[in-house]
Amino acid sequence: MSTAIQPLTTIGHVTPRVDAIERVTGQAKYTNDLKLPGMLYARVLRSPHPHARIRHIDTSAASRLPGVQAVITHENAQVIWGAGAVAGGRQYSDAIKEITRQRRYIFNNPVRCVGDAVAAVAATDRHIAEQALALIQVDYEVLPFVLEPEAALAADAPRIWPEGNLCLDVQNNCAPVVSEHGDLAAGFAEADQIFAQRYDTGFVHNAQLEPRCALAHWQGETLTLYTPSQGIANCRHDMARDLGLEDRQVRVVCHYMGGGFGNKNQNQDADLIAATLARHTKAPVMLEYTRRDDWLGMHGRWPTVQEYKVGVKKDGTVTAIQLIGYSGMGPYRKNAGGISGIELYACPNRYRSLSPVYTNRTTSGNFRAPSEPHGVYGIQSIMDDIASKLGMDPVEFTLKNMLRPTAEHPFTNYSLDACMQMGVETFDWQARRKATPGSDPGPIKRGAGFSFMMFRAALGMSSAVVQVDAQQHYTVFVGVTDVGPGAKTTMGMIAAEALGVPLSQVTVVSGDTERCPYSVGESGSRTTIMTGMAVVEAVKDLQQQIAARGMPTGNDVLVASATPTPVPDGTMRQCFGAHFVEVEVDTRLGTTRIVKYVAVHESGRIINPQTARDQIRGAVIQGIGQALHEDLLYDPVSGQPLTIGYYRARHLTHLDVPTIEVHFLEVDDGYGPFGAKTVGESGIILTPAAVANAIFNATGIRMTSLPMTRDKLLGALR
Amino acid sequence: MRDTPDASSASLQGNRPPSEHNSPSTAISLTVNGVRHHVDVEDRWTLVELLRDHLDLTGTKLGCDRSECGACTVLLNGQPVYACAHLAVWADGADVQTVEGLARDGHLSPLQQAFIEHNAPQCGFCTPGQLMMATALLNTIPRPDAAQVQQALVGNLCRCANYNAIVEAVVAAGAQQGGAA
Chain A
1 MSTAIQPLTT IGHVTPRVDA IERVTGQAKY TNDLKLPGML YARVLRSPHP
51 HARIRHIDTS AASRLPGVQA VITHENAQVI WGAGAVAGGR QYSDAIKEIT
101 RQRRYIFNNP VRCVGDAVAA VAATDRHIAE QALALIQVDY EVLPFVLEPE
151 AALAADAPRI WPEGNLCLDV QNNCAPVVSE HGDLAAGFAE ADQIFAQRYD
201 TGFVHNAQLE PRCALAHWQG ETLTLYTPSQ GIANCRHDMA RDLGLEDRQV
251 RVVCHYMGGG FGNKNQNQDA DLIAATLARH TKAPVMLEYT RRDDWLGMHG
301 RWPTVQEYKV GVKKDGTVTA IQLIGYSGMG PYRKNAGGIS GIELYACPNR
351 YRSLSPVYTN RTTSGNFRAP SEPHGVYGIQ SIMDDIASKL GMDPVEFTLK
401 NMLRPTAEHP FTNYSLDACM QMGVETFDWQ ARRKATPGSD PGPIKRGAGF
451 SFMMFRAALG MSSAVVQVDA QQHYTVFVGV TDVGPGAKTT MGMIAAEALG
501 VPLSQVTVVS GDTERCPYSV GESGSRTTIM TGMAVVEAVK DLQQQIAARG
551 MPTGNDVLVA SATPTPVPDG TMRQCFGAHF VEVEVDTRLG TTRIVKYVAV
601 HESGRIINPQ TARDQIRGAV IQGIGQALHE DLLYDPVSGQ PLTIGYYRAR
651 HLTHLDVPTI EVHFLEVDDG YGPFGAKTVG ESGIILTPAA VANAIFNATG
701 IRMTSLPMTR DKLLGALR
Chain B
1 MRDTPDASSA SLQGNRPPSE HNSPSTAISL TVNGVRHHVD VEDRWTLVEL
51 LRDHLDLTGT KLGCDRSECG ACTVLLNGQP VYACAHLAVW ADGADVQTVE
101 GLARDGHLSP LQQAFIEHNA PQCGFCTPGQ LMMATALLNT IPRPDAAQVQ
151 QALVGNLCRC ANYNAIVEAV VAAGAQQGGA A
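Just so you know, the sequences run in chain order A and B.
Using the numbering used here, the first residue of the first sequence is number 1, and each one after it goes up by one.
Using the numbering used here, the first residue of the second sequence is number 1, and each one after it goes up by one.
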């Protein structure tokens with residue numbers, strides 16, 4: 001069920017951020033802006049080898065350098081970084097900590113990638129800390145290495161872990177992750193044609209502008225940690241578990257942070273290293289990662305290989321989909337390694353085998369929609385190809401095959417076809433698309449591509465506290481951090497709307513575990529829905545108190561809290577989107593220029609139209625970077641990473657960016673805070689697929705490898 | 001140069017970490033946001049270190065420390081520079097403007113106001129650099145079009161990729177104020 005959107009009082013209106021002045025005047029304090037009396041500076045020494053055993057570390061010269069207060073290595077600081085490995089995308093727990101055979105420490109021996117942390121120094125000055133790193137003598141026994149997931153699974157491949165290179169799951173099982181629906185063999189038997197294609201995708205860093213850092217401060221047995229975290233509650237729990245403390249002994253503070261894009265909803269090794277150094281030195285320690293540290297300490301989206309086989313009838317009905325996938329996780333399985341996309345199709349016969357594999361590249365981490373953009377690129381490339389070979393419009397082919405609600409699997413509402421229809425009209429799909437791919441006569445060729453998605457918008461547990469004082473000022477306490485999307489403002493707007501007061505009567509307190517209740521953290525596009533619902537429920541409680549007792553007087557305050565834990569009712573709740581892009585490919589140079597980009601999204605009711613629009617625009621531009629440029633390349637001979645930093649990864653600049661047109665189809669499905677759904681991750685999911693399909697339409701060449709760089713395009717065009 | 005308030009060098013010494021080393025240093029004087037400073041700088045300090053760690057002007061951000069991202073952009077004698085790639089000693093006698101110097105008497109500059117109205121900051125980490133580069137542009141081209149803004153700000157990366165909103169804000173500030181940024 002969905003109802004047409006009616007305007008609300010606060011929600012739905014363009015609203016400047018509540019902390020906008022701090023953001024434009026330099027007053028906003030990020031972690032590295034903080035200073036504590038007697039604070040030391042720390043630096044990390046990293047492995048220069050892709051795989052090596054440390055025979056011996058001599059830290060004596062470094063320790064003697066005046067100003068050096070502590071040098072720690074795997075010999076004197078054996079701290080498990082639980083969230084750094086094995087969790088496989090699940091929240092690391094005490095049970096997993098006991099069970100796992102593949103523990104990751106803050107310093108590991110052997111070191112398993114270039115950039116694996118070897119030692120850390122705390123000193124009175126950052127330059128002294130850097131000098132000290134150069135004085136640490138490490139005797140390495142260099143070991144053979146492997147960089148590619150399929151090569152790593154060969155019987156004679158160098159073993160990164162004793163159990164082999166296929167990642168163990170949390171129960172130490174060693175097998176590909178298989179999901180099966182229907183009868184694959186029957187589906188292929190039913191098909192008139194079978195198509196097969198292999199795709200591979202690059203290693204893309206979150207590359208948030210603020211390098212990782214952490215400021216740790218012990219007072220007795222209590223740790224205060226200032227850190228750029230997407231989830232202060234999860235970070236606190238992780239820190240307590242890894243350091244053998246109770247949650248109440250750890251306070252995590254993050255008021256401003258310079259982006260995250262998925263990689264920071266747990267504790268970071270920087271947090272643990274800073275805390276360990278601070279404990280050794282009995283002083284506050286500020287650990288600053290350099291840009292290179294940030295690039296190599298942990299990276300983002302896992303590189304994949306995707307082998308598809310798709311069965312289709314003559315009329316374009318897909319009867320079977322098979323995916324054999326490999327994800328390069330680096331030497332530690334920090335995250336799941338998922339490849340999503342085939343479940344977007346109604347085809348009842350589906351099989352996916354996914355192998356997360358250890359390699360001697362750096363660790364893969366979550367990056368905005370961790371499993372989706374690369375998987376959607378793969379499946380929607382082969383489907384686009386099939387549509388073309390069958391002589392069908394890809395939009396028509398999709399309308400025939402995309403997942404729709406059924407009696408057994410109802411949705412709260414469904415608007416994928418409406419999104420596609422709106423995109424077709426706004427973009428002028430029929431005029432921009434080449435009926436014959438590559439048909440422009442000259443060397444500069446234009447073409448158009450399309451992609452679609454749906455993405456989870458489920459409800460879930462989170463907490464909020466709301467109070468009112470005698471001056472009728474309301475304070476909302478939520479454990480969110482504002483990574484950039486504007487969560488503080490969004491929470492304030494939801495509270496103001498629920499309370500029926502102007503936003504100016506509401507203050508939002510966030511980003512400090514000592515003052516705020518649990519929040520799921522800014523990942524999984526969950527903050528607006530989950531913590532937003534908690535705000536709505538807490539306001540209801542407060543209003544009941546006010547009705548029963550009247551408004552507070554004098555110094556009194558009324559306080560209400562809520563931790564709603566929604567019970568699933570069997571309906572799927574999804575947000576929807578369709579993207580249309582026109583590109584211009586210069587076939588002499590191999591360059592691709594985005595000419596026009598239309599993004600249509602249904603994300604339920606939009607809370608703040610301006611910040612929601614810019615979430616989509618930013619996600620699309622990141623997706624264009626993933627499609628065309630970004631990839632951490634390694635030299636196969638030396639195992640050395642080559643494209644470290646913004647310049648070499650060729651991140652998009654002001655000059656590379658077209659205006660992204662964003663359209664929201666607003667609905668209220670009766671779930672979530674005032675009907676709001678997810679926004680943050682959804683925009684990036686469709687972009688690489690849409691750009692790849694547009695390049696095909698322009699050139700007639702199907703690009704099977706991301707990123708679609710100049711050299712790959714020129715090679716394919718030759 | 002106009003008269004400037006003079007910050008005492010004694011208080012600056014108080015901000016310095018304990019000196020347990022003999023790194024070469026040089027006495028310089030510079031004006032930052034209209035305030036004159038006399039300070040003993042280590043020869044290895046970059047300008048961004050001097051500003052952030054020793055003058056407590058942490059609005060200027062350090063994003064890469066390798067001249068790639070532009071987060072540390074400040075105006076040096078009116079010209080935009082990456083403060084991570086500029087040694088502090090080179091700023092002897094210079095006039096420096098940082099993001100903290102954009103608002104005058106508690107009033108935001110038209111450019112800052114436009115940044116708020118157009119949602120130009122997302123995470124906000126690149127914002128000070130974008131503001132300073134755009135201020136330099138508006139001082140030269142009072143009413144830039146979008147293409148001129150994109151050209152001028154090409155060295156200021158935004159990983160939130162909020163480029164559209166930043167350009168819209170700068171164009172609006174120019175159109176509204178005739179460039180009196």
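Hints are supplied without guarantee of correctness; some may be wrong.
[Unchecked claim] Selected chain A positions facing chain B (in silico; Cβ < 8 Å):
no.: 1; residue: 610
no.: 2; residue: 642
no.: 3; residue: 643
no.: 4; residue: 645
no.: 5; residue: 655
[What the hints assert, rightly or not] Residues of chain A clear of chain B, computed beta-carbon distances all greater than 10 Å:
no.: 6; residue: 48
no.: 7; residue: 73
no.: 8; residue: 103
no.: 9; residue: 211
no.: 10; residue: 259
no.: 11; residue: 548
no.: 12; residue: 622
no.: 13; residue: 659
Simulated from the structure, these hints should not be mistaken for lab results.
Note that CB positions come from ideal geometry on N, CA and C, so glycine has one too.
These are the hints, each one checked on the structure:
Checking residue 610 of chain A against chain B: minimum C-beta separation of about 5 Å stays under 8 Å; hint holds. Hint status for residue 642 of chain A relative to chain B: violated, with the closest Cβ pair at about 15 Å, above 8 Å. For the restraint placing residue 643 of chain A at the interface with chain B, the shortest Cβ-Cβ distance is roughly 12 Å, beyond the 8 Å limit, so the hint is violated. For the restraint placing residue 645 of chain A at the interface with chain B, the shortest Cβ-Cβ distance is roughly 6 Å, inside the 8 Å limit, so the hint holds.
Interface hint at residue 655 of chain A: satisfied, since its Cβ lies 5 Å from the closest Cβ of chain B, which is below the 8 Å cut-off. Consistency note on residue 48 of chain A: stated as away from chain B, and its beta-carbon is indeed over 10 Å from all of that chain's, at 19 Å minimum. The claim that residue 73 of chain A is not at the interface with chain B holds, since no C-beta of that chain comes within 10 Å of its own (minimum 23 Å). Look at residue 103 of chain A: its CB is around 32 Å from the nearest CB on chain B, clear of 10 Å, so calling it non-interface holds up.
With a closest Cβ-Cβ approach of about 7 Å to chain B, residue 211 of chain A is found to fall inside the 10 Å limit, against its non-interface label. For residue 259 of chain A, the shortest C-beta to C-beta distance to chain B comes to about 4 Å, within the 10 Å cut-off, and the non-interface label is violated. Distance to chain B confirms residue 548 of chain A as a non-interface residue, since its nearest Cβ pair spans about 40 Å, more than 10 Å. Not every CB of chain B is more than 10 Å from the CB of residue 622 of chain A (nearest about 5 Å), against its label as outside the interface.
Non-interface status of residue 659 of chain A relative to chain B is broken: a Cβ of that chain comes within 10 Å, the nearest being about 6 Å off.
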